[in-house]
Amino acid sequence: MSSIKLYPPKPKQVYFFGTCLVDLFYPDAGMAGIQLLEHEGIEVIFPQDQTCCGQPAYTSGYQDQAREVAAAQLKLFPENHLIVLPSGSCAGMMREHYPELFTGQPEETRAKDIASRVYELTEFLLHVCHIQIEDKGEPIKVAMHTSCSARREMGLGEVGPALLRKMDNVELVEQARIKECCGFGGAFSVRHPEISGAMVTDKVEAIDATGADTMITSDCGCMMNITGAAEHIKSQEIKSQGKGGSFNGEHIASFLWRRCHES
Amino acid sequence: MSHNQSVKEFHPRVHNAIANPQIRANFRKAMDGLMDKRQQAFPSDDELERTRELAAAIRLRALAKLPELLEKLEANLTAQGIKVHWAEDGDEACKIILDICQQKKAKSVIKGKSMVSEEMELNHYLEKHGIEALESDLGEYIVQLAEETPSHIIMPAIHKNTDQISDLMHEKTGTKKSRDVEYLTAEARQQLRERFEKADIGVSGVNFAVAETGTLCLVENEGNGRLTTTVPPVHIAVTGIEKVVENLEDVAPLLSILTRSATGQHITTYFNMISSPRKEGELDGPEEVHLVLVDSGRSNIYQDDELLDTLRCIRCGACMNHCPVYTRIGGHAYGHTYPGPIGSILMPHLVGMDDAKDLPSASSLCGACGEVCPVKIPIPKLLVRLREESVAGNSDHANSVVKGRGVKRNRVESLVWKGWAKMHKHGGLYRTGTGLATVFRGLVPSNLGAWTNCRTAPKLAASTLHQQVKARQQEKAAQDKNQGEPS
Amino acid sequence: MSARDAILNRLRHRRDGALTAPVSDFSVVTEKQWSPAEKRDLFQQKIESVHGEVHRVRHDNWLEKLKHLLAEKQVKNLLTPQKAQVGLDVRAELSESDIALLAYDQPIEGWKAELFSHVDAAITDVRSAIAETGTLVLWPDADQPRLMSLVPPIHFAILDADQLKNTFHEVITSERWGATEKGGEGMPTNALLISGPSKTADIEQTLAYGVHGPKELIVLIRE
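Chains as they are written, first to last, in our numbering: chain S, 1 to 263; chain E, 1001 to 1487; chain G, 2001 to 2223.
One or more of the hints may lead you astray.
Unchecked claim - Below, simulated DSSO-like cross-link-like pairs (lysine-lysine); rule was C-alpha separation at most 27 Å, straight line:
#, chain 1, residue 1, chain 2, residue 2
1, G, Lys2039, E, Lys1107
2, S, Lys112, E, Lys1376
3, E, Lys1037, G, Lys2215
4, E, Lys1381, S, Lys5
5, G, Lys2065, G, Lys2039
6, E, Lys1083, E, Lys1072
7, E, Lys1459, E, Lys1481
8, G, Lys2182, E, Lys1083
9, S, Lys234, E, Lys1381
10, E, Lys1279, G, Lys2083
Stated by the list, open to error - Take a look, some chain E residues computed to stay more than 10 Å from chain G by CB distance:
#, residue
11, Asn1016
12, Arg1050
13, Glu1053
14, Trp1086
15, Leu1098
16, Arg1278
17, Lys1279
18, Gly1406
19, Ser1414
20, Val1444
Said to hold, decoys possible - Okay, the calculated bits of chain E under chain G, using three or more residues with CB under 8 Å as the criterion:
#, stretch
21, 1059-1073
22, 1186-1192
23, 1207-1220
24, 1224-1233
25, 1249-1255
26, 1292-1305
The hints are simulated quantities; they were obtained by calculation from the structure and are not laboratory data.
The beta-carbon is built from N, C-alpha and C at its ideal position, and this holds for glycine as well.
All chains, please: the whole structure from these sequences, using the hints.
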């Protein structure tokens, strides 16, 4: 991205929006995100009434329903704190699409205000907190998959790798066609399973080829997709004595917290 | 031949394409090469972004003044001796071209590359009326020999490899089987030169129609476009009404960003600018030049502020070159004249949502198309808009101009989304639902239909983030309380 | 209502109201400027990158070089202008040689078969050239018609170094190609940009030259 974004100084308090995928499938990533922020001396407020940003309905074309759900989220952040999300995709929904979704609606002003306060977790840690990283983990080789929303909608393609490069014992390797989509795309993976399947199978192959032990991502949709495919390939390969799909997946927040504070 | 390939439905076509390793390999190789070349053609991000800004502004200005510019174009062309025709749709445009052919007693038409003529299925129409229509662009010629349609808007035969083309030419034209591309190209040159000499009419497309000077611009590498527009006694150019630009100077940045985005060339071999038929004393060029302006739904797209951006397109094909879906399934699987992301936002307007209902959903919304578009069309946003149109999911768009709005809406799916919204707009309901889900997570089947064909099923966590945060808070509160009490 | 009126009517009565045109900032194009020496180098580099052949010559030796090239390429006949200075010079120099000097002196209809099958090469001058893209600019006319630079397998183009412009945009604006009411000269029947020999990559992305037009484009830059 050529545009330069100005980041605010580190605040005392933030709101944390966990996202529904993290909530149900990867709560550890959410907890790690909260703990990383707290370790930066920030008080984290987690509104218990939060649910989903509305993106699944929005990208499926059900904008009336997306708006209903998004309107409920707009009520969760009454104070002027910044809002941090451990997902480029959901952050992109709130930052880029809320203003448009509420154009001409009574909530328009509030939607714009909230959009302007939204940050993705890794950009917040890197650019707002200027996080100091002390890697205490064992040497490890990792590949990073940045979600398309984080990369293109939010312009954060360099943020995840920059954090990983701060870790002394982490070797970051780059998979072929690193910018290509993993094939998740929300409802796309179910509506067009064959295309999505072909895409994720290629993605697993590319990551496998790097010899990475772990695939790091900051979006749980991609994680569910890529690790699910890797596990599937591995189970097939065990039968055929092959070696495919032999890496794990981990959210970047869990990875950072585990290696810097739990090792 | 119809653009809707023999298989009528989208999913079976996709299935066939995905299952065909040759198609997968041909497209992967070609798209990797094209992406790489484009990258090299834009060494400076700053220059690229500013040129995109300029190109987008030029196209938007042209659209803002579209009716005046079309009239000006018509007036200038007419004054310079080029006859202008208007067609509401492809059928009308075909009829206009047939009338000219019949007036001229033409038996054979030679064609330069034109996607609008593909859209109109002009070859088929002319042949039905006893007029031979021969494609002269090498890629189009190959596709025509194979009785297929283009699988890419810039590189029509990209789905075939050299062996396949060699076999095809051998079978249809008697050339030797050879992997020598120079030989195959030279043979095609010879075959087509004879036809150029004899053709009664040349039909071409238009890349930019300049209103200021009444000039029709054509971009090409082979020279077949120049032959088509120079050798036969009559030249008919056919184009969509949106291809007009205001000034001659507008053409320079558009040309530069078009060729670099399309194939990574800093310019094509030929840029051919035509402003009149052969003048008194000139020794070549057609005696008669016609321009057919085709609407086919474009003026309908024009009505809507958001959809309007579709008309900025300069047909470079970069969106398909960078599309991970197009790369996997190729152009034919889309089943329409324009494949890839641009096709998915254009075809629903040209043929109606009824016939193109699966296209807007055939994207992971990864944004690669929007990122490379030289005129900054927000393609992902338009894909979402058309998904909404297909299910009529936004009550704000009730009086939409999209033909076939709501064609995909069904009771079950809308009920599902209504239920989803109900649960997700109440924090309490959501927490109860997700809490229950984690309790019964052992019951989630390992077979989740389409998802688990190539993935394991996702595993619900033992407790939600909501629960973990709450538990932590309670623990902390208890600790604070304990610490506060005197021991 | 005619199709024309119906279409224009729909465009004029837009549902979402009239549009405003954004400002076009051409600075990204106009700021591209090089010195004369840089322009020559850039032109040569760009046109050679697409298989064009470039020879730098002087005004007093270019005909020598041309004769040498004609011999090397085994050109038996050369389609040569009759009025342009380049044509007059070539005719004077080669009148005694073995190479037949052909003239495009009748409408194409009278000699299509001959032009298509029996002409080895043609020579033309150019109106100007573009450094940024390695491009020749031609305005064909009765003396140097459109097919001259297209149909024969070899095209020789004679360019003077001081004809080099920075960009296509500069060509259009500095040569006043625009509409006459804006002070321009208006456009000819056909204006052409030529950047290399005819080529195609339609067979598996493999480049092949001379698919419909010349297989060789040879540019003599007179310095």
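Status of the hints after comparison with the structure:
Between G/Lys2039 and E/Lys1107 the CA atoms are separated by roughly 49 Å; this puts the pair beyond 27 Å, and the hint is violated. At roughly 23 Å between alpha-carbon atoms, S/Lys112 and E/Lys1376 fall within 27 Å of each other, so this suggested pair holds. Of the supplied pair hints, the one linking E/Lys1037 and G/Lys2215 holds, its CA atoms being roughly 23 Å apart against a limit of 27 Å. Proposed proximity of E/Lys1381 and S/Lys5 is supported: the alpha carbons are some 23 Å apart, at most 27 Å.
With a CA separation close to 22 Å, the supplied pair G/Lys2065 and G/Lys2039 stays within the 27 Å bound. Simply put, E/Lys1083 and E/Lys1072 have alpha-carbon atoms about 13 Å apart, close enough for the 27 Å limit, and the pair holds. For the given pair, E/Lys1459 sits about 36 Å from E/Lys1481 by alpha-carbon distance, which is inconsistent with the 27 Å threshold. For the hint linking G/Lys2182 to E/Lys1083, the alpha-carbon distance of about 24 Å falls within 27 Å, and the restraint holds.
For the hint pairing S/Lys234 with E/Lys1381, the CA-to-CA distance comes to about 36 Å; that exceeds 27 Å, so the pair is violated. Note on E/Lys1279 and G/Lys2083: the hinted pairing holds, with a Cα-Cα distance of about 18 Å set against a maximum of 27 Å. Separation of E/Asn1016 from chain G is adequate, the least Cβ-Cβ distance of about 21 Å exceeding the 10 Å criterion. A Cβ of chain G approaches the Cβ of E/Arg1050 within 10 Å, the least distance being about 4 Å, so the stated non-interface status is violated.
For E/Glu1053, the shortest C-beta to C-beta distance to chain G comes to about 7 Å, within the 10 Å cut-off, and the non-interface label is violated. Against chain G, the non-interface label of E/Trp1086 is violated: not every CB pair exceeds 10 Å, the least being about 4 Å. With 10 Å as the threshold on Cβ separation, the claim that E/Leu1098 sits away from chain G holds: the shortest Cβ distance comes to roughly 16 Å. Listed as a non-interface residue, E/Arg1278 fails to keep its Cβ farther than 10 Å from every Cβ of chain G; the least gap is roughly 7 Å.
A cut-off of 10 Å between C-beta atoms contradicts the statement that E/Lys1279 is not in contact with chain G; the least separation is 6 Å. Even its closest Cβ contact with chain G, about 19 Å, leaves E/Gly1406 beyond 10 Å, as expected for a residue assigned away from the interface. Every beta carbon of chain G lies more than 10 Å from that of E/Ser1414, the smallest distance being close to 27 Å; the non-interface claim holds. For E/Val1444, the shortest C-beta to C-beta distance to chain G comes to about 47 Å, beyond the 10 Å cut-off, and the non-interface label holds.
By the rule of at least three residues with a Cβ nearer than 8 Å to a Cβ of chain G, the coverage given for the stretch 1059-1073 of chain E holds, with 9 such residues. With 4 residues having a Cβ less than 8 Å from any Cβ of chain G, the stretch 1186-1192 of chain E passes the three-residue criterion, so the hint holds. Counting residues of the stretch 1207-1220 of chain E whose beta carbon lies closer than 8 Å to any beta carbon of chain G gives 4, which meets the minimum of three for the stated coverage. With a threshold of 8 Å between beta carbons, the proposed coverage of the stretch 1224-1233 of chain E by chain G holds, since 6 of its residues qualify and at least three are required.
With 6 residues having a beta carbon nearer than 8 Å to a beta carbon of chain G, the stretch 1249-1255 of chain E meets the requirement of three or more and the stated coverage holds. Counting residues of the stretch 1292-1305 of chain E whose CB lies closer than 8 Å to any CB of chain G gives 8, which reaches the minimum of 3, so the coverage claim holds.
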